[in-house]
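One line per chain: the protein sequences are A and B, in this order. Residue numbering for the first sequence follows the numbering used here, beginning at 712 and increasing consecutively. Residue numbering for the second sequence follows the numbering used here, beginning at 172 and increasing consecutively.
Derived by calculation from the structure, the hints in this document are not laboratory data. Since we're looking at a predicted model, the values are computed, not measured. Please note that a few of the clues may not be correct.
As the list claims (entries may be wrong) - The list that follows gives simulated cross-link-like pairs (lysine to any residue, SDA-like), each with its CA atoms no further than 20 Å apart:
1) A:Lys-994 to B:Leu-229
2) B:Lys-230 to A:Ile-1002
3) A:Lys-869 to B:Tyr-174
4) B:Lys-231 to A:Thr-762
5) B:Lys-226 to A:Ala-990
6) B:Lys-231 to B:Tyr-174
7) B:Lys-197 to A:Asp-966
8) A:Lys-994 to B:Pro-184
Stated by the list, open to error - Here are the computed distance ranges between Cβ atoms for each label pair:
9) B:Lys-230 to A:Ala-717: 44 to 54 Å
10) B:Glu-227 to A:Gln-880: 18 to 28 Å
11) B:Glu-237 to A:Asn-723: 17 to 27 Å
12) B:Leu-193 to A:Gln-910: 31 to 41 Å
13) A:Leu-1016 to B:Glu-227: 49 to 59 Å
14) B:Lys-226 to A:Asn-974: 16 to 26 Å
15) A:Arg-1090 to B:Val-206: 44 to 54 Å
16) A:Ala-1023 to B:Asn-200: 50 to 60 Å
17) A:Asn-974 to B:Asn-200: 54 to 64 Å
18) A:Phe-1046 to B:Glu-237: 32 to 42 Å
19) B:Glu-237 to A:Leu-1014: 27 to 37 Å
All C-beta atoms in this analysis are idealised placements derived from N, C-alpha and C, irrespective of residue type, glycine included.
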Amino acid sequence: MPIYDALYDYKNTLRHILVRHEQGAAHAAEGYARLKGKPGLCMATSGPGATNLITGIADAMCDSVPIVCITGQVAAAHLGTDAFQEAPIIGMVTPVTKWCYQITKTSEVPSIVAKAFAIAKSGRPGPVLIDITKNAQTDFFDFDEQETIKTNVSWSKKILSPQATDIDQAAKLLNNAKRPFLLIGHGISIGKAEEALMQVAEKGNFPTASTLLGLSSMPTTHPLYMGMLGMHGNYSTNKLTNKADVIFAIGMRFDDRVTGTINTYAKQAKIIHVDIDKAELNKVIPATLGIHADAKEFLEALLPLLTPGNHAEWIEEFRMLERQEKEQVQDAELFPEGKDITMAEVVRMLSNKTKGTAAIVADVGQHQMIAARYYEFERPDGYITSGGLGTMGFALPAAIGAKIADPAREVIAIAGDGSFQMNIQELGTIMQEKLPVKIIILNNEHLGMVRQWQELFFDKRYSAVDMKNPDFIKIAEGYGIAGEVVTEREALGGALDRLLDSKVCYLLDIRVRKDENVFPMVPSGASIADIRLS
Amino acid sequence: MKYTITIFADNSPGVLYRIAGLLLRKKINIESLRVEEHNHFEHVSHFTIAIELDKEQLKKLVSQIERIIEVREVSFAPTLS
C-alpha cells in the first residue's frame, strides 16, 4: 500500500501496468526483458500476491531472464507470526532466484535495489526478488548517495576475459576440423553476439544449428543455418550431431531436450563449450575444451585466428537430410491434402506476410514447436518462449511485456487453446493499456502435445486431453477486442491480413487439424540418432 | 567417497539456506556442518560441510555453490578419517 501511494506522485514519469494476475506480471516482465535486453520489473503484494509470482520467477531462472520482483511483506515486528497475508516468500523463492533479499530497514532500500538490478542483468542473467516489510516502506532515513554507489560494486562476480591459450586451442581445433558444427543458444541473444557469430560462422564456413531459445540469432534463411536442435528440431541437425568431428557450442547448456540420452550424444566429437556460467561447463556433456567466457567477447577474439574454411561436402550432407525431412514431413504439413488447416501452413503464411521480422511470442505445446520450425526468422529476438520450464500460459502476458518494450515491432502471441486459457485474464490488461498485441490461437480442441505422446507412446489411451472450449471471440469481445474464427483455408490469408493491418489488438481463433503430430521427433529417452520422421 | 567442502561467504541471512537448498535438490545428505565467523570486519563466514558423494558430482556441486552471489571461495578435499 505505501509503495502504491508513492506511485501516485509519479503517475506521469513511471509507467505502471496493472495486470490481472501476478503470474502475468512476472511473465510480462520476462517478455519486456527479452525484447528490451534490460531487466523487467514486477511488483506484488505480500502473501498470495507474492506466491503467484513464483511460476514466472522459476521460468525466468530456467531461461536466464533478468527480472526484478518486488514483494510487499508484513511489518518486521510481525514476521513469523502468521500475520494476515504473510508468506515466507524468501524461503519459497530462494531455489528459483539468482538472488533474493528481505529489506526490513528503510536505509537498505537504495543499495539493495541497485544491487538487485545489477545482479539480475550481470553475467548469466536471472530473476531477483526483493521482499520489503511494511515498516521499511513507511519509515524515513538520511539518504547518502556515495554509500549507495559503494555498496553497488562490492558483490560482483567477475567474468574474466577469455584466456589467450583457450582461444588458440579453440581456433586450432576448428581450423583442423573436417566436420565442424556450430551450436548456438540463448547466450548469443543475451550477449548481443549475433553479428560476431555470423562473422565466425561465415569465415570458418561452419554449418550452424540453434537451440529453441537461440532461434533468430542467425536468420533462418542464412546459407549456413541448418535448423533447430533437439526433440522437435530438424532431422539433419540431430542426425549429424553424431557425425561432427568438432562441436563448437556457445551460449547453450546441452539441455536434455537437445541431447536426448547423453550416453549416445556426440561421442565421436571433440567439444568446445563456451558459456558465461562456469557451472554449465561439464555439467551434462564433458567438454574437450570448456571455456568460461562471454559469447561476444570470445567470438570476437576467435575471429582473427580462424582460417577461412570450406566445408561444402559436409554442408551437403545436411542438405541431403534436409531434403528428406522436407519430402517426408514439411511438404505434407505446408501443402496438406485434407481440408483441415494445419498449424504449419498458418505459421508459414504468417512468416511470409511479416517477412520474418515480427517478434513471435509462443506458448508451450505443439504450436510452440511448429512456430519454431516454420517461422523464418529474419530479425534477432524474433522468438520469445518459455523454454526450460515449459510454462503454459506464458505467451499472452509475455507478449504484453514485449509490446511495451518495443511498441514499433509487430508482436504476435501464438498460443494453443489449452495454454491460452491459463492466463486468459490478461486480455483485461491489453484492453486497459490499449496494447496492439496480435493473438493467434491455433485451436485443435486438445492438449495437443500430450495427446501426441499418448498416441505415440501410450497406445492411444487418450487420457484427459480433449478440451471443451469457450467461444474465444465472445470472450475477446467482452474485453473490447475484435477477432474472428477461421475454419476454411480460403479464409486464412484474409484473416491474417486483418490481424496484421489492425492498429489495435486482434485475435484469430484458427481451427486446425485435431490429430496433427509434430515431427521430426526424438522420443523421450532415445538417442538423437533415432529421430523419427513419422 | 567422503568429502569436506570449505566455503567462505558473506555473513548474511539465507546463505546457509541457499547452500543447503542445492544439496537438497540433489538429495545429498549433510554428514556434518559447522558455520563460524571467519573475519568479523569483512563479515565473512566460514562453512565446513561434510558429505558423501562421487567426485564428478562433487565438482558439479561445487561450481553451483560458487555461483551463489554471496559465496567468495569454495574448495573441497577428501575427508580424513
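Results of checking the hints against the structure:
no. : hint                                : in the structure
1   : A:Lys-994 to B:Leu-229              : 11 Å, holds
2   : B:Lys-230 to A:Ile-1002             : 16 Å, holds
3   : A:Lys-869 to B:Tyr-174              : 27 Å, violated
4   : B:Lys-231 to A:Thr-762              : 30 Å, violated
5   : B:Lys-226 to A:Ala-990              : 15 Å, holds
6   : B:Lys-231 to B:Tyr-174              : 14 Å, holds
7   : B:Lys-197 to A:Asp-966              : 17 Å, holds
8   : A:Lys-994 to B:Pro-184              : 28 Å, violated
9   : B:Lys-230 to A:Ala-717: 44 to 54 Å  : 48 Å, holds
10  : B:Glu-227 to A:Gln-880: 18 to 28 Å  : 23 Å, holds
11  : B:Glu-237 to A:Asn-723: 17 to 27 Å  : 45 Å, violated
12  : B:Leu-193 to A:Gln-910: 31 to 41 Å  : 38 Å, holds
13  : A:Leu-1016 to B:Glu-227: 49 to 59 Å : 32 Å, violated
14  : B:Lys-226 to A:Asn-974: 16 to 26 Å  : 20 Å, holds
15  : A:Arg-1090 to B:Val-206: 44 to 54 Å : 51 Å, holds
16  : A:Ala-1023 to B:Asn-200: 50 to 60 Å : 56 Å, holds
17  : A:Asn-974 to B:Asn-200: 54 to 64 Å  : 27 Å, violated
18  : A:Phe-1046 to B:Glu-237: 32 to 42 Å : 53 Å, violated
19  : B:Glu-237 to A:Leu-1014: 27 to 37 Å : 30 Å, holds
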